[in-house]
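Protein chains: 2
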Amino acid sequence: MADKKWPDCAKNLKGVILDMCGVLYDAGEGDGVAIPGSVEAVRKLRTSDLQLRFCTNETQASREKFVAKLGRLGYDISVSEVFSPAPAVVAVLKERGLRPHLLVHDGVLPEFDTVDKSNPNCVVIGDAAEAFTYKNMNDAFNVLTWQKKPLLISMGQGKYYKETDGLKLDVGAYTKALEYATDSKAEVIGKPSPMFYQTVLTDMKLHSHEGLMIGDDLVSDVGGAQNCGMLGVQVRTGKYRPSDENHPTVKADGTVDNLAQAVDMILSQRC
Amino acid sequence: MADKKWPDCAKNLKGVILDMCGVLYDAGEGDGVAIPGSVEAVRKLRTSDLQLRFCTNETQASREKFVAKLGRLGYDISVSEVFSPAPAVVAVLKERGLRPHLLVHDGVLPEFDTVDKSNPNCVVIGDAAEAFTYKNMNDAFNVLTWQKKPLLISMGQGKYYKETDGLKLDVGAYTKALEYATDSKAEVIGKPSPMFYQTVLTDMKLHSHEGLMIGDDLVSDVGGAQNCGMLGVQVRTGKYRPSDENHPTVKADGTVDNLAQAVDMILSQRC
Numbered sequence: 021m022a023d024k025k026w027p028d029c030a031k032n033l034k035g036v037i038l039d040m041c042g043v044l045y046d047a048g049e050g051d052g053v054a055i056p057g058s059v060e061a062v063r064k065l066r067t068s069d070l071q072l073r074f075c076t077n078e079t080q081a082s083r084e085k086f087v088a089k090l091g092r093l094g095y096d097i098s099v100s101e102v103f104s105p106a107p108a109v110v111a112v113l114k115e116r117g118l119r120p121h122l123l124v125h126d127g128v129l130p131e132f133d134t135v136d137k138s139n140p141n142c143v144v145i146g147d148a149a150e151a152f153t154y155k156n157m158n159d160a161f162n163v164l165t166w167q168k169k170p171l172l173i174s175m176g177q178g179k180y181y182k183e184t185d186g187l188k189l190d191v192g193a194y195t196k197a198l199e200y201a202t203d204s205k206a207e208v209i210g211k212p213s214p215m216f217y218q219t220v221l222t223d224m225k226l227h228s229h230e231g232l233m234i235g236d237d238l239v240s241d242v243g244g245a246q247n248c249g250m251l252g253v254q255v256r257t258g259k260y261r262p263s264d265e266n267h268p269t270v271k272a273d274g275t276v277d278n279l280a281q282a283v284d285m286i287l288s289q290r291c
Numbered sequence: 021m022a023d024k025k026w027p028d029c030a031k032n033l034k035g036v037i038l039d040m041c042g043v044l045y046d047a048g049e050g051d052g053v054a055i056p057g058s059v060e061a062v063r064k065l066r067t068s069d070l071q072l073r074f075c076t077n078e079t080q081a082s083r084e085k086f087v088a089k090l091g092r093l094g095y096d097i098s099v100s101e102v103f104s105p106a107p108a109v110v111a112v113l114k115e116r117g118l119r120p121h122l123l124v125h126d127g128v129l130p131e132f133d134t135v136d137k138s139n140p141n142c143v144v145i146g147d148a149a150e151a152f153t154y155k156n157m158n159d160a161f162n163v164l165t166w167q168k169k170p171l172l173i174s175m176g177q178g179k180y181y182k183e184t185d186g187l188k189l190d191v192g193a194y195t196k197a198l199e200y201a202t203d204s205k206a207e208v209i210g211k212p213s214p215m216f217y218q219t220v221l222t223d224m225k226l227h228s229h230e231g232l233m234i235g236d237d238l239v240s241d242v243g244g245a246q247n248c249g250m251l252g253v254q255v256r257t258g259k260y261r262p263s264d265e266n267h268p269t270v271k272a273d274g275t276v277d278n279l280a281q282a283v284d285m286i287l288s289q290r291c
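Sequences listed follow chains A and B, in order.
Its first residue numbered 21, the first sequence is counted upward by one per residue in our numbering.
Its first residue numbered 21, the second sequence is counted upward by one per residue in our numbering.
In case anyone wonders, no lab produced these hints; they're calculated from the structure.
All figures in this text were calculated on a predicted structure; none of them were measured in a lab.
Some hints here could point you the wrong way.
Since the list gives no way to pick out one identical chain from another, each pair is judged satisfied if it fits inside one copy or across any two copies.
[What the hints assert, rightly or not] Calculated lysine-lysine pairs in the BS3-like style (CA-CA distance at most 27 angstroms, straight line):
#1 K34 / K155
#2 K169 / K271
#3 K155 / K182
#4 K168 / K271
#5 K205 / K155
#6 K34 / K114
#7 K25 / K169
#8 K225 / K155
#9 K168 / K205
#10 K155 / K25
#11 K114 / K225
#12 K169 / K155
#13 K182 / K168
#14 K155 / K89
#15 K182 / K169
#16 K168 / K225
#17 K89 / K168
#18 K34 / K271
#19 K169 / K89
Please model the complete structure; the sequences and the hints are all you need to start from.
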């Protein structure tokens, strides 16, 4: 039982999964800004025997562009280490022979280059941000509403995220709007879907209890990972709010000031 | 029991309430278009002994402008006969000392002229249409999210409506987006709120069983009126869909091709 408590539980870890926005950087104009100490923390993790993956619901850019941006902020991350919804959605579309109407950010369009988008029979919604215009929402709604059984695939169910100039509505809010208007329930691909987390564990060839997720979103990152059998630690950066520490249903295994502190606590258990 | 069945039940009516969009006209570019036969049907109703009121969730224009538009389509309607959410919301705001941030169509702003909008402590959402930009949604979200207990007042909960160039998302869809993002439940003022229908009945000094609502929206018009004790008849114009006639929870007292047919059937019971 003692080993289950943070940070003792870090002794038995074999892999760490990091959320990106709010843990590595805060989004905003241009590339956003790295969160103090996080660049060095990722470097320290790489010197340990722990496996490392990155798991994001970022759907405003292709992974290539996203990794390049993080490079400019000081992070050395490769595309193959990054798990994001778009490639997972593309796999599902191809497997099921679906042709999407895309309500997504221009930046993520390259991920869908190989997908047949003619005569759409479903809608894929991502964090389209400024592209969440009334016209674009109506276009997606009209595709859905003329289907016998509307199929809406949502890349995440986040409520909001923080940019340097304030909180912004995330894909989950707009998904709810379309669900309500079409009397349907979206299929979510991305955090906190257990299937999505399982893909990352499988890639590391780990059992769930050997993995730890670190994120700023209590419900999606921490709760989602815990639902999957992993440990979940919340950082007090990004979208963290003090009220998270008294959440009615989700309790983090640990709460730390930032990624740097989390990594120091983990590594100190493993000397 | 026989008297309860449409159209026999029209014998005991004392007042008729008409939905406007989809019954009197179809919205679209400019003033939209009158639905064939409806102008004449309203005239016929006025020659009867039935009281007549109009009940709309229209929140794109002030009642003055709205009535003027209907005048250009051939309808002779006075502002005092029209019940719409904005004046009802203004009454609630003043009664409770609330200062709204308005996420509404420019056209309805004059209804809020007399309301203090400084330092807002709630959000009022209407059918803002093109004004449902990402920025405007975020502004409303940020007002709500920094309140201890977010208060969102929604002028209706419609899912969509029909314009001449297709179906458009209505205020209810965007309300759901903000409810989800803020973990809150909106107060709805407008159809199908029983309080809203009761206001119309009170104005006519009628008991609910003496009133009949005619609308194109099965759930909001027909079901809402029935929940209030009135009869509800659906027209096969506007947003009507054949599947409405097999709806799992709402069954109209009668279904007619259009307002003209409904009025002829009502008046033929009263000769």
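For each hint, the structure was consulted:
Taking the shortest Cα distances, K34 and K155 never come within 27 angstroms of each other, neither inside one copy (47 angstroms) nor across copies (43 angstroms). Taking the shortest alpha-carbon separations for K169 and K271, only the inter-copy value of 22 angstroms comes in at or below 27 angstroms, while the best intra-copy value is 37 angstroms. In this assembly of identical chains, K155 and K182 lie within 27 angstroms of each other by CA distance both inside one copy and across copies; the values are 25 angstroms within and 14 angstroms between. Taking the closest pair of Cα atoms, K168 and K271 come within 27 angstroms of each other only across two copies (22 angstroms); inside a single copy the shortest separation is 41 angstroms, beyond that limit.
For the homomeric pair K205 and K155, the shortest alpha-carbon distances inside one copy (22 angstroms) and between copies (26 angstroms) are both at most 27 angstroms. Taking the closest pair of Cα atoms, K34 and K114 never come within 27 angstroms of each other, the shortest separation being 33 angstroms inside a single copy and 60 angstroms across copies. For the homomeric pair K25 and K169, neither the shortest alpha-carbon distance inside one copy (46 angstroms) nor that between copies (34 angstroms) is at most 27 angstroms. Taking the closest pair of Cα atoms, K225 and K155 never come within 27 angstroms of each other, the shortest separation being 44 angstroms inside a single copy and 43 angstroms across copies.
For a Cα distance limit of 27 angstroms, the shortest separation of K168 from K205 inside one copy, 14 angstroms, qualifies, whereas the shortest one across copies, 30 angstroms, does not. For a Cα distance limit of 27 angstroms, the shortest separation of K155 from K25 qualifies neither inside one copy, at 50 angstroms, nor across copies, at 43 angstroms. When the C-alpha separation of K114 and K225 is checked against a cutoff of 27 angstroms, the pair qualifies only within one copy, where the shortest distance is 25 angstroms, while the shortest distance between copies is 62 angstroms. Taking the shortest Cα distances, K169 and K155 sit within 27 angstroms of each other inside one copy (22 angstroms), while across copies they are farther apart (32 angstroms).
For the identical chains of this complex, K182 and K168 are inter-copy neighbours only, at 19 angstroms across copies versus 37 angstroms inside a copy, given an alpha-carbon limit of 27 angstroms. Proximity of K155 and K89 under a CA criterion of 27 angstroms is satisfied inter-copy only: 24 angstroms between copies versus 30 angstroms inside one chain copy. In the homo-oligomer, the alpha carbons of K182 and K169 lie at most 27 angstroms apart only across protomers (20 angstroms), although the nearest pairing inside one protomer, at 35 angstroms, exceeds that limit. For the homomeric pair K168 and K225, neither the shortest alpha-carbon distance inside one copy (40 angstroms) nor that between copies (45 angstroms) is at most 27 angstroms.
In the homo-oligomer, the alpha carbons of K89 and K168 never lie at most 27 angstroms apart, since the shortest distance is 41 angstroms inside one protomer and 36 angstroms across protomers. Taking the closest pair of Cα atoms, K34 and K271 come within 27 angstroms of each other only inside a single copy of the chain (22 angstroms); across copies the shortest separation is 59 angstroms, beyond that limit. Within a single copy, K169 and K89 get their C-alpha atoms no closer than 39 angstroms, and across copies no closer than 37 angstroms, so neither meets the 27 angstroms cut-off.
Against the hints set out earlier in the document, violations occur for numbers 1, 6, 7, 8, 10, 16, 17 and 19.
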